[in-house]
Structures are given as C-alpha cells and as structure tokens.
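Protein chains: 2
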Amino acid sequence: MNTQPPTDATAWNALAALAEGWRGDALKRALATDATRADRLAAQGPGLHYTFARQRLDAAVRDQLVQLALARDLPAWRSALLAGEAINVTEGRPAWHTALRAGASAPPEVQSAQSQMRRLAERLRDGAWLGATGQPIERIVHLGTGGSDLGPRLVVDALAESASARLRVDFAANVDPLDLDRRLRDADPARTLFVVVSKTFTTQETMANAQAAKTWLAQGLRADASLAPHFVAVSANVQAARAFGAGEVLPMWDWVGGRYSIWSAVGFSAMAAIGADAFGEFLAGARDMDLHFADAPLERNVPVLLALLGIWNVNFLGAATQAVLPYATPLRLLPAYLQQLEMESNGKRVDRAGRSVAYATAPVVWGAEGTVGQHSFHQLLHQGTQIVPVDFIVFDEAPGDPARRRILAAHAEAQAEALARGQDDPALPAYRRTPGSRPSSTLRFERLDARNLGRLIALYEHKVFTQGVIWNINSFDQWGVELGKQLAKALLERARDRS
Amino acid sequence: MNTQPPTDATAWNALAALAEGWRGDALKRALATDATRADRLAAQGPGLHYTFARQRLDAAVRDQLVQLALARDLPAWRSALLAGEAINVTEGRPAWHTALRAGASAPPEVQSAQSQMRRLAERLRDGAWLGATGQPIERIVHLGTGGSDLGPRLVVDALAESASARLRVDFAANVDPLDLDRRLRDADPARTLFVVVSKTFTTQETMANAQAAKTWLAQGLRADASLAPHFVAVSANVQAARAFGAGEVLPMWDWVGGRYSIWSAVGFSAMAAIGADAFGEFLAGARDMDLHFADAPLERNVPVLLALLGIWNVNFLGAATQAVLPYATPLRLLPAYLQQLEMESNGKRVDRAGRSVAYATAPVVWGAEGTVGQHSFHQLLHQGTQIVPVDFIVFDEAPGDPARRRILAAHAEAQAEALARGQDDPALPAYRRTPGSRPSSTLRFERLDARNLGRLIALYEHKVFTQGVIWNINSFDQWGVELGKQLAKALLERARDRS
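Protein chains in written order, with this note's numbering: chain P, 1 to 499; chain X, 1 to 499.
Be careful, since some hints might not be right.
[Stated by the list, open to error] Mimicking SDA-like on lysine to any residue, the simulated pairs with C-alpha atoms at most 25 Å apart in a straight line are:
(1) P:Lys214 / P:Leu227
(2) P:Lys28 / X:Leu487
(3) X:Lys485 / P:Gln423
[Claimed, not checked] To be clear about the criterion: a stretch of chain P counts as covered by chain X if any three or more of its residues have a C-beta under 8 Å from a C-beta of chain X, and this derived list gives those stretches:
(4) 108-122
(5) 425-435
Don't read these hints as lab results, they were simulated from the structure.
C-beta atoms are modelled at their ideal positions from N, C-alpha and C, and glycine is treated no differently.
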C-alpha cells in the first residue's frame with residue numbers, strides 16, 4: 001500500500017492548480033449562476049443526506065479529490081482496516097473497532113462481552129442490583145478520562161429523553177478533586193455504583209478518583225460492608241481490576257483504541273442508561289455506516305467525501321480549523337467528542353515512513369450547538385479575517401415543541417445561506433457588509449435517535465481514517481502525549497522527595 | 001486618536017523583521033541558554049503572577065510590542081474607554097462596563113440597580129420569596145442567550161462551592177425545546193422562578209423559551225394564580241417586560257454590551273446563587289484589574305502584555321487559534337466564555353475608517369479544562385503541524401483533596417514544559433519525538449475565589465480592548481450576525497405563508 005507523501009501524487013498538483021480558482025468570491029458566483037449545484041454536490045448515506053454545494057468547489061474538484069484518494073490506495077487501506085490487519089504499526093496492532101459492531105459476525109469474545117454487559121445493565125435497570133447494605137443502585141458515577149469518558153458521556157446526554165428514570169448516570173474525568181466531589185455532593189453511598197474505566201487500570205487521574213470513591217464509600221457505609229458490589233471495572237488488566245476490589249470486570253482489548261472504544265464495554269454506563277435494545281440500535285447504526293463506507297463508490301461515499309472536503313479546505317484553501325455545529329441540544333457534547341477523535345488521531349507531524357511531513361495535517365476542531373453559538377462566535381465566522389469551514393448537523397425529527405423546533409431549523413439553514421451568500425449591498429456601510437463565500441456542509445439526518453447517533457459517530461471515524469490515509473500518518477497512536485506524562489511524574493517524585 | 005492601519009507603524013515593520021528570528025526551535029535554544037528568562041519575561045497583576053518566558057520572544061520583542069501599543073495611542077484609547085466616551089462609533093455609544101464595578105464612584109442608576117438586585121437576591125436566599133401558591137422559591141431557571149447567558153452560567157459554576165444550598169440555579173439558552181424541557185423535568189412550578197434576560201426583550205430564542213415557561217407554569221399552578229412572582233426580567237425595555245408579566249424588572253443600559261454585562265443585573269442569577277457579598281467581591285476584583293490596567297506601565301501591565309503576546313502570535317508568527325486551558329474544574333466554562341468575548345469582539349474585517357483590513361484579527365479561541373484535554377486534543381498541541389499558543393490558568397489554592405490537587409498542578413507545569421522543551425532524543429523513533437518550541441503563558445492566581453474570578457474576566461476584557469486598538473477595529477459592535485437573523489426571519493415567514 002502507498003506510503004509515499006501525498007504531495008507526490010499527480011492529483012495533488014492538479015488540486016493545487018484548481019484551488020487558485022476558488023479563492024475570493026468564487027463560491028458566491030457559482031451559487032448565483034449554477035442552479036444545479038445543490039443536486040450534483042450531494043450524497044445519500046444511511047439515514048442521512050449530505051450536501052456540500054456550499055463548499056468552495058465544483059464537480060471537477062470533487063473528481064480530482066477522488067483521484068487523490070485512489071492514488072493514496074484508499075480502497076486497499078480500507079480493506080485492511082475492516083479486516084483487522086495490524087495497521088497501527090507503531091504499536092503493532094489492528095484498529096478493529098468495526099468488529100465491535102459486526103453483530104453476529106463479531107469475534108466470539110466480543111459477543112460474550114456484550115452478553116455480560118446486557119446482563120449487568122438489565123440488573124441495574126430492573127433495580128435488582130443491590131449495594132452492600134441491600135439498597136438498590138440508583139446512581140452510576142462513571143470514572144474515566146479521554147476515550148474512556150467522552151463517548152459514554154456523549155451518548156448518555158444525546159439520548160437522555162429515552163434514558164431510564166430510575167438510574168442517574170454522572171461522569172467525573174478530571175483529577176481536580178472538585179470534579180468528583182461535585183458529583184457526590186447529593187449522592188447516597190448505599191445506592192451508588194462506580195464504573196471505573198481504564199484500559200491499563202493505571203491511568204493516573206482515573207485511579208486517583210477511584211481511590212477517592214473507595215474512601216467515600218467506606219466512610220458512608222457500615223464498617224464491615226464489602227465495596228465489591230459498588231464497583232464495576234472496564235479494563236484489559238483484569239488482575240489489577242480484581243485486586244482493586246471491583247465486583248464485576250468487563251473486558252477491553254488492545255486492538256481497540258480509547259477514542260474508538262464507545263462500541264465496547266467502555267459504553268457500559270451508556271447501555272445502563274438507555275437500555276440494551278437502544279445500545280444495540282446504536283451499534284447497528286455504526287454497522288450501517290461501516291457497510292456504506294465499505295461499499296459505496298468513492299464519489300458518493302459520505303465519510304470519504306467528508307474527509308476529502310476537509311483535505312481540500314486544509315491543504316489547498318488554507319483552513320486551520322473546522323467548526324462542528326450541531327443544531328440540537330442533545331449533541332452539545334459532539335464538538336468535544338470530535339475534538340478528541342480528529343485531533344488525537346491526526347494531529348501528527350511524522351509520516352508512516354518516519355519523515356517529517358511537509359503539509360498540514362489535522363485542523364483544530366471546535367464548535368458548539370446551534371443556536372447558542374450564533375450569539376457568541378458566529379460574528380467571526382461571518383466577518384472575521386480567517387475562513388472557518390463549518391459542518392452543520394441537523395435533524396428533521398426530534399422530540400419537543402414543534403414551534404421552537406421550526407425556529408431552530410430555520411436558523412441552521414439561514415446561517416449556512418448567510419455564510420455562503422454574504423451581503424454586499426453598497427448602500428450599507430462597510431461594517432455591515434459580509435463577504436460571503438464562506439464554506440459549509442450540511443448533514444441532515446431523518447431523526448435524532450440511537451441508530452442515527454451510531455451512524456454519525458462512525459461517519460466521523462471513517463472520515464478521520466480516510467484523512468490519515470491521505471496524509472500518510474498512523475491515526476491510531478498518540479505518542480505525543482507521553483512526554484508530558486513523564487515530566488509530571490518526575491515533578492511529583494521530586495516534590496515527594498523534598499517533603 | 002490613531003485610526004491609521006497598524007501596518008503603517010514603524011514598530012510593526014520592526015516586529016516583522018524580529019519574527020524571523022523566532023521561528024523553528026529558537027524558543028528551545030533560548031530556554032536552554034538563558035537562565036534569567038523566567039524572571040525578566042513576567043509581570044505581577046492583582047492576585048496573580050503572569051509568566052510569558054515560554055513564548056517565542058525576548059525582551060527586545062516585548063519592548064517593540066510596547067512601542068506598537070504606544071504608536072497606536074493605546075493610553076488615549078484606554079482613557080476614552082474608562083471615561084465612558086462613545087468609542088463604540090458604529091452604534092454611537094460608550095462601552096462603559098467599567099462603570100458597573102466602580103463601587104462608590106459608579107453612576108447613581110448603577111448603584112440603585114445594585115441595591116435592588118441585593119434586596120431581591122436576599123429575599124430569594126432567605127426563602128422569603130414566595131410563589132403564587134405560597135411556596136418558597138427553590139429553583140431559578142435563567143433564560144437568556146449569548147451575553148445574557150454565558151457570564152452568569154460561568155460564575156455560578158465557578159463558585160458552586162460557595163453557593164446557597166437552598167437555591168438551585170439552572171440555565172437554558174437554546175431555542176431547541178429540549179434545552180428548557182430538560183431543565184424543567186424535575187422542577188416544581190410552585191417553587192420555580194424564571195429570570196428572563198434580554199436587553200431588547202425581543203431576542204427570539206429567549207422570548208420563545210419565556211413563553212414556554214409561562215405555559216408550563218400555567219399548567220402546573222392553580223388556574224387563577226398570578227404568574228408575576230415567578231418572573232424576574234432583566235431588560236432595557238421595561239414596558240415590554242411589564243407587559244410580559246414579570247413581577248420584578250431589573251435594568252440594563254445601552255452603554256453595556258451583552259458580552260460585557262455580567263457585572264450588571266444580567267448577573268442577578270449569579271448573585272442569588274453566591275450571595276451579594278461574594279458578588280460584591282467579584283465586582284471588586286474587576287475593579288482591581290481596571291485600576292491595574294489604567295495605572296501599570298505598559299511593559300508590566302498584564303492585560304496589555306496578554307494582548308501584545310496575542311498580536312505577536314497572530315500577526316507575526318502566524319497562529320490561527322489561541323487555546324485557553326484552565327487547570328480547574330470550576331473554570332470549565334471559561335473557554336466558551338472567552339470564545340464569545342474575543343471572537344465576537346474582534347472577529348472583524350473592516351477597520352474604524354471603513355477599510356478592509358490587510359492583516360489577521362481575532363483568532364479562534366478554544367480549549368478545555370486540564371487535565372481533561374490532555375487525554376484528548378493535546379496530541380495535536382505537541383505533535384501537530386500547526387502552532388497553537390496556550391494560556392495555562394492555574395490556582396495555588398482551591399478546595400478539595402490536596403493529593404489530587406498536587407497531581408493537577410504537576411500536570412499543568414509539565415504540559416507547559418513539554419510544549420516548550422520537546423523531546424528530540426535521536427535514540428527515539430521519529431514518531432516519539434516532539435519538536436518543542438511551542439509557546440505558552442501561565443497565569444497563576446493565589447486562589448480560586450470570587451475576587452480572582454472578577455480579576456480574571458476583567459483581565460481578558462482589557463486584553464480584547466487593547467487588541468481592538470492595535471487592530472484598529474471597533475470591539476463593541478457585532479453587525480456580522482444581522483444577516484443570519486434576517487434570513488431566518490424570512491424563512492419562517494415564508495413557511496408560515498405556505499401553511
């Protein structure tokens with residue numbers, strides 16, 4: 001498979017030449033003169049319609065981007081990903097998160113873990129799981145950080161309308177003691193379960209919080225109470241999890257990266273909240289997207305198009321950031337989730353052959369839920385000096401008052417239009433004019449539910465993978481964070497020696 | 001006062017020349033060879049120590065940046081700001097938020113509003129404020145968006161440890177009906193007060209939510225109950241607020257911009273949560289920073305230095321974004337607050353003379369609380385292809401378990417060190433090396449309390465103002481968001497006509 005720099009590809013140079021035609025107000029002119037753009041620059045995925053007619057490109061650019069993907073051997077890389085080959089070469093592992101949602105085709109250990117998760121989740125949801133003093137568990141406090149936190153946090157919040165009323169699920173991720181303290185302020189130790197998630201069971205923040213949880217339980221329960229029924233561990237290190245005193249241990253595997261682990265037992269707290277059936281729908285949605293990614297022709301393949309549009313904006317039109325604007329309160333945590341997924345996966349500067357790259361890789365991914373951001377940073381999107389490409393994410397159906405929902409939908413459409421078309425009425429003073437030609441895409445889902453949430457997350461996973469292939473980097477390691485950990489350890493040891 | 005482009009200044013060209021010496025690994029070399037950097041590239045502000053020794057500059061650059069500020073007439077602009085002159089020229093108004101924290105020197109209408117706020121807040125905190133059915137109010141739901149939301153939301157969360165246990169304060173800002181619905185799920189209408197904040201009392205999202213609140217109350221209370229004791233309005237439009245049915249109306253003034261309004265009655269919900277004394281400390285902290293900004297020599301003036309470092313990174317070293325990383329769970333909303341403050345204020349492309357600017361203005365401001373971000377996007381900070389300047393914000397004292405607090409502090413220091421020094425051991429494979437020379441500043445506060453929170457927010461306000469002066473833009477309007485509002489209105493009208 002191709003591990004040469006992408007800049008060697010003929011398509012790369014062709015794209016660089018095409019980009020010259022798309023600076024300035026070319027998009028505005030194209031929108032004004034070509035009524036067929038909206039039909040031609042769009043694609044259908046499972047449960048969703050994707051339009052990129054408001055991006056700075058035409059079909060010729062799209063075709064050249066597809067040529068670039070072919071020159072980078074994307075189909076072969078994709079097959080290797082989906083087959084569970086060890087494409088994470090710096091750690092000698094597969095990145096086989098797609099196996100977690102393969103249903104009846106999943107590996108036996110995955111199916112067995114899913115059965116165990118379902119059994120435990122149902123016990124919690126039925127009120128049959130009792131704490132040390134015989135009270136039913138009513139609150140889960142999930143302790144994890146990064147990839148062991150952001151996924152279940154997002155799912156629980158996104159699907160809160162279908163969550164169990166009996167079980168409350170909270171999260172603490174920071175080693176700042178106030179993060180956990182605030183979650184425990186009104187909790188009853190007799191009715192609280194901690195789900196401790198750490199692949200190695202040595203993550204410093206998570207283990208410090210788990211120890212604090214143990215102290216809090218011991219102080220709140222009878223002196224002779226066993227703490228085992230108050231701890232579920234999710235870890236690849238079963239021995240350490242048992243030694244810690246967890247009553248139940250759910251497995252993790254080294255072939256699943258943290259930021260791709262929501263589909264595994266890392267999602268246990270989310271399954272407990274929304275139920276095993278809804279969690280099954282969530283996995284099925286991801287599977288839908290895997291099949292689409294595997295089978296759809298590249299020029300109609302939504303994750304591939306999303307990836308190629310990102311490459312176009314970053315490498316050819318100079319975008320430094322990518323905004324994600326879900327018009328849905330339930331997806332307010334999506335920007336933080338994608339921040340990890342994209343920036344930790346592709347925030348790299350050394351390619352697969354060990355060369356420093358001579359081109360930009362991952363942009364800064366940021367955003368907030370609409371309409372909230374409109375009253376905050378949208379000023380810069382419309383009138384700032386840098387171009388920020390936007391992904392609008394909208395849902396045709398979602399719960400709640402239809403009148404306010406119509407207002408919400410109108411604003412999403414109006415923002416995309418305002419960014420693209422601008423306002424250059426010469427009768428207005430200069431400070432009131434907006435330049436337009438600012439690029440955005442819109443992902444329109446039929447409805448906000450577990451299945452489409454699975455599709456949405458898997459869509460961005462495959463986007464990130466595709467960009468890693470184009471950029472010739474390994475999207476599945478994160479060596480850049482090791483130095484900070486080492487220095488913190490040294491500082492703490494020095495402080496301990498001094499005292 | 002100077003309204004010429006900053007690029008005309010001699011200092012601008014001098015800085016452009018100096019910047020050539022600070023690309024690549026110059027910072028790493030400077031740190032290795034100059035032991036006095038940490039002392040010389042630092043300043044003291046009220047309650048805080050600011051160090052910028054890990055930025056890509058030396059004293060010569062700092063001095064030239066100060067020359068640029070002088071060439072831009074910063075002292076004269078600063079006097080105009082603090083004197084309440086109409087420096088917001090496109091709207092013909094002052095931007096006189098500093099008057100709101102001037103204590104005994106504040107205008108009479110400000111002092112009178114503060115007395116009214118204190119009286120109402122104490123009634124709520126004492127349980128003396130009764131709803132329509134005679135029950136005491138126990139929950140406040142704050143309805144506002146943008147500048148009428150982010151400030152009180154930040155203060156209530158940041159100072160939660162000193163908040164009233166009797167009163168719960170929630171926020172809903174989005175027109176997505178689920179935002180408010182989720183806040184009301186477990187609320188009791190008889191004990192719930194809505195604080196509706198809108199300068200014009202016509203903000204679409206806020207008024208839609210206020211109407212929904214009215215319906216919810218009417219359904220939950222006796223048919224003949226008056227809703228007046230369940231609504232406080234904060235608005236400059238007293239007539240509309242009364243017509244809506246608010247029992248109490250607190251004033252706003254057109255000389256206070258939304259994103260600078262936390263010091264006004266917009267902060268009422270925060271005062272109710274933390275008490276009038278703590279809110280007074282918060283105002284006093286901002287006043288401390290106003291006096292420091294007014295009086296400290298530019299080369300030791302913390303908001304001015306923060307602003308100049310931003311200019312250096314954006315305009316001379318090419319940074320497109322600025323990360324804000326508070327190592328404190330209570331400040332997890334600070335990045336969102338500063339996103340509005342900086343991007344809405346300075347995300348502009350037309351200067352005070354109506355010219356399109358030929359230089360970059362506000363960067364994208366983003367971030368998350370440490371250590372949470374370390375397990376997410378820090379990979380890109382250390383090994384990505386773009387340079388992201390970081391503001392670390394740390395506190396020597398804060399509540400909670402000292403052991404975890406030490407870990408937190410060690411990580412903040414270790415991240416700054418790792419970014420600056422890197423790891424270039426040739427024995428390591430290329431993918432494990434980090435380049436270093438990545439810039440950061442550290443703001444170290446003595447403790448996390450109301451006074452220092454006031455200082456911190458006012459610090460960034462004056463930073464933003466100073467940058468607006470350098471960039472020759474009006475930081476106090478937001479005309480860029482008007483087009484989107486108009487288009488949304490047109491879309492809604494068209495849909496109404498069709499149905």
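Does Lys28 (chain P) pair with Leu487 (chain X) here, judged by a C-alpha cut-off of 25 Å?
-> It holds: about 16 Å lies between the C-alpha atoms, which stays within 25 Å.
Taking a Cβ-Cβ distance under 8 Å as contact, does the stretch 425-435 of chain P have three or more residues in contact with chain X?
-> holds (count 7)
Given as covered by chain X, does the stretch 108-122 of chain P meet the bar of three residues or more with CB within less than 8 Å?
-> violated (count 0)
Pair hint outcome, Lys485 (chain X) versus Gln423 (chain P) [Cα-Cα no greater than 25 Å] | holds (13 Å)
Do the alpha carbons of Lys214 (chain P) and Leu227 (chain P) lie within 25 Å of each other, as the hint requires?
-> holds (8 Å)
Violated hints amount to a single one, hint 4; each of the other numbered hints is respected by the structure.
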